[in-house]
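> Each chain is listed here by its residues.
4 protein chains.
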Amino acid sequence: MFDEIHEECGVFGAYRVDNAASITYYGLHSLQHRGQEASGIAVSDGENITLQKGKGLTVDVFQKEKLDSMVGRLAVGHVRYSTAGGQENENIQPIVSKGHNGSLAIVHNGQIVNEKELRIELENEGAIFQGTSDSEIILHLIQKQKGTLKERVMKTANRIEGAFSFLVMNEDTIYAVRDRHGLRPLSYAKSKDGYVISSETCAFEVMGIYESVDLKPGEIVEFHKGIVKHEFYSTNTDNHMCAMEYIYFARPDSVVEGINVHAFRKATGSILAREDKDLHADIVIGVPDSSLSAAIGYAEEAGIPFETGLIKNRYVGRTFIQPTQAMRDRSVRLKLSPVSSVVKGKSIVMIDDSIVRGTTSRRIVQLLKDAGATQVHVRIASPVITSPCFYGVDTSTKDQLIGAQMSVEEIRDYIHADTLRFMTEEEMKEATHGVGLCLACFNGEYCTKLFSYQEELDK
Amino acid sequence: MFDEIHEECGVFGAYRVDNAASITYYGLHSLQHRGQEASGIAVSDGENITLQKGKGLTVDVFQKEKLDSMVGRLAVGHVRYSTAGGQENENIQPIVSKGHNGSLAIVHNGQIVNEKELRIELENEGAIFQGTSDSEIILHLIQKQKGTLKERVMKTANRIEGAFSFLVMNEDTIYAVRDRHGLRPLSYAKSKDGYVISSETCAFEVMGIYESVDLKPGEIVEFHKGIVKHEFYSTNTDNHMCAMEYIYFARPDSVVEGINVHAFRKATGSILAREDKDLHADIVIGVPDSSLSAAIGYAEEAGIPFETGLIKNRYVGRTFIQPTQAMRDRSVRLKLSPVSSVVKGKSIVMIDDSIVRGTTSRRIVQLLKDAGATQVHVRIASPVITSPCFYGVDTSTKDQLIGAQMSVEEIRDYIHADTLRFMTEEEMKEATHGVGLCLACFNGEYCTKLFSYQEELDK
Amino acid sequence: MFDEIHEECGVFGAYRVDNAASITYYGLHSLQHRGQEASGIAVSDGENITLQKGKGLTVDVFQKEKLDSMVGRLAVGHVRYSTAGGQENENIQPIVSKGHNGSLAIVHNGQIVNEKELRIELENEGAIFQGTSDSEIILHLIQKQKGTLKERVMKTANRIEGAFSFLVMNEDTIYAVRDRHGLRPLSYAKSKDGYVISSETCAFEVMGIYESVDLKPGEIVEFHKGIVKHEFYSTNTDNHMCAMEYIYFARPDSVVEGINVHAFRKATGSILAREDKDLHADIVIGVPDSSLSAAIGYAEEAGIPFETGLIKNRYVGRTFIQPTQAMRDRSVRLKLSPVSSVVKGKSIVMIDDSIVRGTTSRRIVQLLKDAGATQVHVRIASPVITSPCFYGVDTSTKDQLIGAQMSVEEIRDYIHADTLRFMTEEEMKEATHGVGLCLACFNGEYCTKLFSYQEELDK
Amino acid sequence: MFDEIHEECGVFGAYRVDNAASITYYGLHSLQHRGQEASGIAVSDGENITLQKGKGLTVDVFQKEKLDSMVGRLAVGHVRYSTAGGQENENIQPIVSKGHNGSLAIVHNGQIVNEKELRIELENEGAIFQGTSDSEIILHLIQKQKGTLKERVMKTANRIEGAFSFLVMNEDTIYAVRDRHGLRPLSYAKSKDGYVISSETCAFEVMGIYESVDLKPGEIVEFHKGIVKHEFYSTNTDNHMCAMEYIYFARPDSVVEGINVHAFRKATGSILAREDKDLHADIVIGVPDSSLSAAIGYAEEAGIPFETGLIKNRYVGRTFIQPTQAMRDRSVRLKLSPVSSVVKGKSIVMIDDSIVRGTTSRRIVQLLKDAGATQVHVRIASPVITSPCFYGVDTSTKDQLIGAQMSVEEIRDYIHADTLRFMTEEEMKEATHGVGLCLACFNGEYCTKLFSYQEELDK
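Quick mapping for you: the protein sequence lines, in order, are chains A, B, C and D.
Residues 1 to 459, numbered by UniProt numbering, are exactly what the first sequence covers, in order.
Residues 1 to 459, numbered by UniProt numbering, are exactly what the second sequence covers, in order.
Residues 1 to 459, numbered by UniProt numbering, are exactly what the third sequence covers, in order.
Residues 1 to 459, numbered by UniProt numbering, are exactly what the fourth sequence covers, in order.
Hints were generated in silico from the structure; no laboratory data involved.
Be aware that a few hints might be false.
For identical chains, the list gives no copy identity; a pair is met inside one copy or between any two copies.
[Claimed, not checked] Dumping the calculated BS3-like pairs for lysine-lysine here, alpha-carbon to alpha-carbon at most 27 Å: (1) K66 x K55; (2) K346 x K190; (3) K449 x K225; (4) K192 x K312; (5) K116 x K277; (6) K55 x K225; (7) K116 x K146; (8) K144 x K155; (9) K312 x K55; (10) K192 x K55; (11) K369 x K192; (12) K449 x K216; (13) K190 x K459; (14) K398 x K144.
From just these sequences and the hints, can you work out the full model?
Structure (structure tokens):
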């Protein structure tokens, strides 16, 4: 799935923490894998909210001078992957509203499925939108409601449907909110002097914090006057953590719903191997980086040596690809190199975490065979992707999903694998030890109404 | 050794290849691990040599427009790690001289030990130096000699002593030269339309080339009129490939003197395990990225599970570190995270490739123990570093080398490891199957006179 | 007044013109003197509106690639001078709203005096503001109204009070609107293939257009389906063109309300000289650039040679000024140099267009005396500034205006002039041949209610 | 001549001055009109020389941080206009050589005519050149000579022929050298704490210094141990100050060989008017900026009003010009606007300082006629340019000089002027009160041998 799938965000917050902007900067660093195209931080010094944001990695957007100028003990930050149509600066988060009664800053991870309906409703009532991000809708809804800020945030959370984990900050308070299906992760932890909030727990360890609390589906957590209060804005909740968080997005050192991501991945490899009793391969390799854990698990269970058969080029980032066919064909080589002395003359089990369009898998198999592999047995550490995601993952439309267009045998033939096998949904569940999962991209069972997206799906 | 040791360069050349500058750009990409601070390419269209260079990664220095403007079928390129004293633009390579009879471009990997003596001699004869790089000395020497360009290059190679692999290009010819001790690697390969030359073979595979030829110690290879000619400029040769190329620098998919680097590293892990029959640990982990191969080898031999106990943050690059003690202490955390659910309650064998100053090893052991490891047994896949390198590796001076100051037991105590073991020189040789190695940093046996550096060493 | 006073904007529009973004780029160029801190262009291709904006001069914000990517035949653009508190990116214009029924782009020159009241009203009705610019208020008001876009724009123009010349563009139409007092200029002209709209006529001549139409106070002009329609949104109009447009802001080649700016300035010099029958000076000099025309007029009328006694450094732009007192004292020298061979031993009439705080005038007089001038008679080509401006000119607050704090004689003494004279209001009117002027900064007679600014004024 | 002619440099030095790099930065500012494409400063703290340089205006190359890092009390700096073939970074000055006995920094204004011969000679003796600048040759020659640094500099000055004003700095001494024909200006002045050296005196006034000393032709001035020593390296001297320094390059506030540049220009206008007794025009205008002084002089003598008929756009700098014929035709409009209300219906005398290719003059005349001028009488404040310059002015080759190809009447016809007159050489000399001038571009009488350039000239 190398390079073919993207999540859209990570959020981080710091409450009553010295140098909150710097702490948020380090936090965003640890979440950078969730979004590399834009980054922003809003900081409050108790009276004013200052905003800085821009395109690029967090290190590129924030230099020392900029961080030093952001004084305050509350902050919220965001890293973003932007889909093709939304790279405008207007959509970079945090989004801040400046009113005569104060300011609000919001950062958001996820996707609101009734976004279109809400947008039309709000516009008909006189709202204007400068960008196309969900966050602007959330801000508008909060502004429209009556009551205290907490009441307005809770009413807003009840108006929006879909996947969301968002933070709202005013001059002296932060609210953390998670959708009632628990589609996206959100946790917080006690730091030495205050609290830190993060999409993933890996960001806490940078600060030397090893214990954290997950928000529950439908929960809002208030950080106010030094006190943390939990409350549910909805009792109509269920448990549907996005399976892709385990399979691909989250960092291996993160713990999602109590399950360590590396451990999960290793377990999937182990389960895959269990069914391959009769496969006699020479070595097991994984597609770096996300499939290495599964490959290790497979190798251990199967008793076949785990090898480094593919090397990922760490510096390939924004490499310009020469617009010739020959070079495009080589583009996968710029990112991945086969270790020919490892794979030459070998029968290989190659573990990948998923197949989206199939083109990359096809190129990798070809790479291995060009380098001398005699057989390539592809094992995918997740079920077949058959449906698009409307909860914040950019997996293309149905007609681009190879799993929606071909049978497993046809896919095997297309990618030139000798054999190909995917995990089953049951095996996935086994690996998560019963954590409630959203498997919509595998089985088309969406846990919410899809509103305007239903049409798109029906096409 | 994570982040504590640096080589100073990688070179790449393209002879009679379409879009030679683009090909060199891709080549430098694959060599980027050998130098990230500056990058440059000189291209010849047969009549003129055009030069572009700058600070930063190859992708940052060369954008599409710049590459498009570099027309020609011959090119030489360079990636550079610059030591503290030499970050000036004057030292970024290629260095080009423009004369009334034509131009010369040079790129160089290595370190010339009689550099100071040559510099004084040349200055006394009227030469001026604009920078402090060895390459400028080589250019001056070539200019001083009499005869054809090839003769002048050969005489120059005989005047300089030390570690060097360099390329010299004029409008229509490239010469590739390797020092007579074979201290630095240099190889070339046939491409579809011409030839490519590289410090490491990994750069060839990007172009779909799986076969290459290593230059021998003391050899000069001429690429002229479409013909490749091998010749020896010296018969006084020996075989002293830098052991660190295998241990740390080279990419795992490179083949150095016929030995694949990943295979070598795996073998070192295996050898380490062989001596640990009585050690009963729960898991084996490696310090990413360079020690993973050795850890895999150790785990396989020992029959202990290989685990991903440490995660490297891929985006940490130029992260600004807050100048407070607390933050400096955290800086290793920004780069490496322990996977606490993996290491918690475990007795661990941690494989690292080397120990330079000991401070990083100490921090990593601490990180693992903080995350709950019960025991950390450190195994180093190379001997104790006791001497500085004068052949192009930046390993600090003797007084900063922990191995020159402490016994193994003292080091173990300093880094808080439960047990610590290094490889022996004999084991190193076993892993390279008899390839002649320079082990000077381990045993102080330098294969050349050290000239002015002898003094530095004697202090 | 050199460097002490700033207007806040210039607007440009292009309707049904090939390469509308490029034409707007050239137009903004000619308006760059009205704002150098930020620049932006929105272009419509008939279906979508694309926005690009950023900090800096138009040439810095827009390079060839960016302009080439902005396809369409309708465009609006803006150059901006931003006051201290509002340099955020959120305030850079155009501001674009994106709705389900289409997008709107707005650019605005001027200042709305009931801005605070409207902002509170809109927020109470649920609006959120991301920035502090008036343009966002105008967009919100348009969104709130009912009816066709033209009706909504007209209703909006009736809701806002103050100085404004704004353009509103949707996918296929542009509306140009001027406030009912005519405080800020706005004109349009027929180009070869369509229409161009500009704050100043100087922008038309770049395109070879020598004839243009001024919008009248209270007028809205619709550019739709290739047709230009004039209409009045209000009949309650009067004529109060900002006198500072003539005195300082506008380019000498612009024609404002039928009067050429250079001709106006020359006339003021002439009038000043008329009253100086008994002053026998050696030479007349002007403070560059804005006071040269007046100096020429004075010299001609007085029969005293016009000389270049002060040179302006064209490259001083963003020069970093060393933070020492000595250097700050020198800062005016970096920008202006006396021509000592011209001024030495001379009795000088120095024409300046206005005095704001007096510090710069004081430094310039000192400069001339240091360079050897025997006498410096300062003549100001406008009346004494005694009141702040609330219509878009950044003249500081009342307590910083030297004319509000001191008598003319006290000012003369403060700036070390030998004699000092200002123009009278009657003389100003004479120079404009009866064009209705806003002279509020000279006489405190504001042509609108001041709303919340009244308070500020009363302090 | 607007935009068609370029000089190649300005030099500045500071000796025993606090913050020498900052002072040099301000000095280069005042010399920026002599070169806008690159800028550099080398500073010595008594032990080491630090170099910073780059493309662009001085303000763009040097920010606060960079200046702050350049500690020392000696400095030399350079601004550069680079001809088409030499924009490489290698040619940006200062050029610094780093030797085992110390470093030398050099900055140079002018052009060496025996450059090619010296380059070949030096290369044959083993020198290598990294760039194509004359400064590198000077450095090589200094290195080659025997004796003290002063002796070596003096010998070098005797080896090179042509136009040169250069500064050489080592760790504790600066030498200033001017060619024996006095082709380029060079002056120094006492500052509060030391000495400053500059191509033009205008740079001194920024520092509040109104007295300075010109170097004489063939002179070398040594700044050493706090003492200033004058000496002649050659007695074979003559006086040939470049006439173009007065006509076009120097800033009006500079004093060159005792003559103020503005006064010179005004005198040329006056002389031109003297011969126009029978011409009855309505107004006199000058082409900004360099021809305004002459226009003022003409108007005064002729008793015809001086008017601002053309406005120069101050922000046009790096404006991207759309590559269509229509836009190229407009490009002069982007830079110059006619004030139509001034020129309409008028018979105009238009003063320009020179005509190079004629294309710009032709466009300006057209601009004025398009704007309604009834007659345009062009008067050029210098003789006809008929020969190329080899002393540092970029006036194109002979076949591009309209004055070398056409008679005055043919030029008049080509540029569509009603009448056209140039000054005579005698009139030029009158305006300079007997200062010895190089008039080679007007009369082909070069004051030196031309060496390899003779060939170019003979073609």
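> Output the indices of the hints that this structure fails to meet, ascending.
3, 5, 6, 10, 13, 14
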